[in-house]
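My request is simple: use the sequences and hints to build the entire structure.
Chain residues, written in single-letter form:
2 protein chains.
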Amino acid sequence: MSTTVLQRHLFGPGPCNPYPEATAALGLPLLGHLDPAFIARMDRVGDGLRTLWGTKNTRTLPLSATGSAGMEAAFVNTINPGDVAVIAINGLFGERMCEVASRVGAEVVRVDHEYGTPIDAERVAAAHPNPTVIAGVHAETSTGVVSDIAALGAIKGDALLIVDAVTSIGGMPVLADEWGIDIGYAGTQKCIGVAPGLAPFTISDRAFERRVQKPQSWYLDLGLLGGYATGASGGGRTYHHTAPVAMVTSLEAGIDRILAEGLDAVTTRHQEAGKLLQDGLEAMGLELFATEGYRLPQLTTVKVPEGTDSAKVRGYLLERFNIEIGGGVGQYANTVWRIGLMGPNANPTSVALILAALKEAIDKA
Amino acid sequence: MSTTVLQRHLFGPGPCNPYPEATAALGLPLLGHLDPAFIARMDRVGDGLRTLWGTKNTRTLPLSATGSAGMEAAFVNTINPGDVAVIAINGLFGERMCEVASRVGAEVVRVDHEYGTPIDAERVAAAHPNPTVIAGVHAETSTGVVSDIAALGAIKGDALLIVDAVTSIGGMPVLADEWGIDIGYAGTQKCIGVAPGLAPFTISDRAFERRVQKPQSWYLDLGLLGGYATGASGGGRTYHHTAPVAMVTSLEAGIDRILAEGLDAVTTRHQEAGKLLQDGLEAMGLELFATEGYRLPQLTTVKVPEGTDSAKVRGYLLERFNIEIGGGVGQYANTVWRIGLMGPNANPTSVALILAALKEAIDKA
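Residue numbers (my numbering), protein chains in the order written: chain A, 1 to 365; chain B, 1001 to 1365.
Because the hints were derived from the structure by calculation, they are not lab data. Everything numeric in this text was worked out from a predicted model, so none of it was measured. Any given hint could turn out to be false.
Residues on chain B that point at chain A, a partial pick, calculated with CB under 10 angstroms [unchecked claim]: (1) A1024; (2) L1026; (3) A1127; (4) N1130.
Per the computed footprint, the stretches of chain A lying under chain B, defined by three or more beta-carbons under 8 angstroms from a beta-carbon of chain B, are [stated by the list, open to error]: (5) 8-21; (6) 53-66.
Using N, Cα and C, we set each Cβ at its ideal position, and we do this for glycine too.
This is how it looks when you write it as structure tokens:
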């Protein structure tokens, strides 16, 4: 272990600093994964996740891996070789969906959008007459853009709608049932305010009935997982794999924290912190990257000023202030910063700190 | 969260109670997964895991999921459709290997052994003249049996040797390089004494060079993972997915704890605790399940006495003593108990407790 314990302000694209309740729960005595008390905990987590997802789906559970495995689970369980996947791409995570889907054997139909802009549902609808799945990212972590998922739900037709809600869940409204999401996956380390390591996941009955019967992944086979995590296999709880019990306990505490504050109050807090930050950045003369009207409050993308060295500023923030912010991705690696205010960090204190620190860093780095 | 915090003695097949250092580390302030301080931590974890695995393999890392995902990673990265996998089966986890390998498209050649007996390397060698991989379980969690992995290494020929070390690593010697293991996977929640959630993994250069170039799993693609976790891609650290930073920090602390005590001392402690337990069980008139000479010290299988209700005894232990032990698996579900003494639980105190408690439970349940 390092001899010095660092206390970072995690204002990057995630992980954020966890809610203190979520961290405290990691220190609780461990339970076995088949302990009746742990099974009850899984049930509570399922209930809490249904609230965060805005769904009644029975099969709503934390997968035992990070958000990217949630993406893989979505495609592995829905795509048989040759099936058509229409994928809206307006950032890195849409791009990644194409890669994951193609490895499962999908015929991928790309609908490319300019980075920084939202998904255009009409273009997605026009891309293919009869796709097996349509997929898109609700809150693009790479660009700071929110897309209208209800609009995708409205045009999905008979296709299953797969949605990446990694950065939206817990920080802005996600209404899976109302919007027509068939499969949603997320991460714990963004607005849910829990350490990374689990992928909150939900799948509708409609999608579950159409699922791949023997997916190439045993670990992410929802037919098998359902038996353990939701008791939905009909035969009660069956052992599948050893659940990451400490992380699930932390997730329970994080969800409890959110629901105690009130989900509406939490999303409002994210909204207000993001607005404060974005106004403050513009007042400093900086230019925001994402299209106006489609800016995520919880993850702000801002252009690096002409003549400023992006990496030097990030290094200065880390070394002088213990503040982490993110660089851009792909072609924007050095021209965009990503500033996250997620979970407990979505508050005016964090905004004041990052604005002051960033100003000094730009001036002095 | 439950209003009552339960303090269980986890004497089942895993998870065990973690080392206190590993639990304490979960409460440390979180680092970002790309923070230089976290990268240094990943390096240290890699070094520590090399010691536990007995290997010099550069690509030695914790996968971001549980041990079962380690099994999946082993096959996903080595098997192209139609490749022959000779799999030694002497328990549930050998059985699971067949399922995982077949989903990747392997032609599985089964070498079945009676449950409770070790793997017979000669039978494995005779099963197929030229397999792509040979696979077996070092310490079968389902039966409490240890197998001679060096003997498999000696007969592997040109095949890659895949070994499940989930229950052995950290509790008994594992000498990957000396024994000829090409790919090994494990879990954190057994003798390493850390909560479940990561899969310590190692792959030899020989296996890495022969790897599947574009495995069906993006999440478990070692070609991509290596770039982040080991910097071995040549281009330095590249982002792949968000590492479960809290769990990795806990793993670092668990490994530090083991190495501070001394790996030899730790394995001796497991050896001695297991011997004490097994002698004590026999002194109580109980019969051990695993073949003599091949009994795991860290996981003891014992036959349920004639006329005793297995589940009632386990329920009594849990309710009266907060002690968890495991039932058997498959056809032995109700006729065998599994008692684990792993990590910090491998000590005379635990032995005295479980023997006294089990005696009362058998008498009174």
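Here is how each hint holds up against the structure:
The interface hint given for B/A1024 is met, as the beta carbon of that residue sits about 7 angstroms from the closest beta carbon of chain A, less than 10 angstroms. For B/L1026, the suggested interface contact is upheld, since its CB lies about 4 angstroms from the closest CB of chain A, less than 10 angstroms. Look at B/A1127: its Cβ only gets to about 22 angstroms from chain A, farther than 10 angstroms, so that hint breaks. With a least beta-carbon distance of about 25 angstroms to chain A, the hint placing B/N1130 at the interface is violated under the 10 angstroms criterion.
Residues of the region 8-21 of chain A lying with their CB closer than 8 angstroms to a CB of chain B number 7, which satisfies the three-residue condition for coverage. Interface restraint, the region 53-66 of chain A with chain B: holds (3 residues with C-beta to C-beta distance below 8 angstroms; minimum three).
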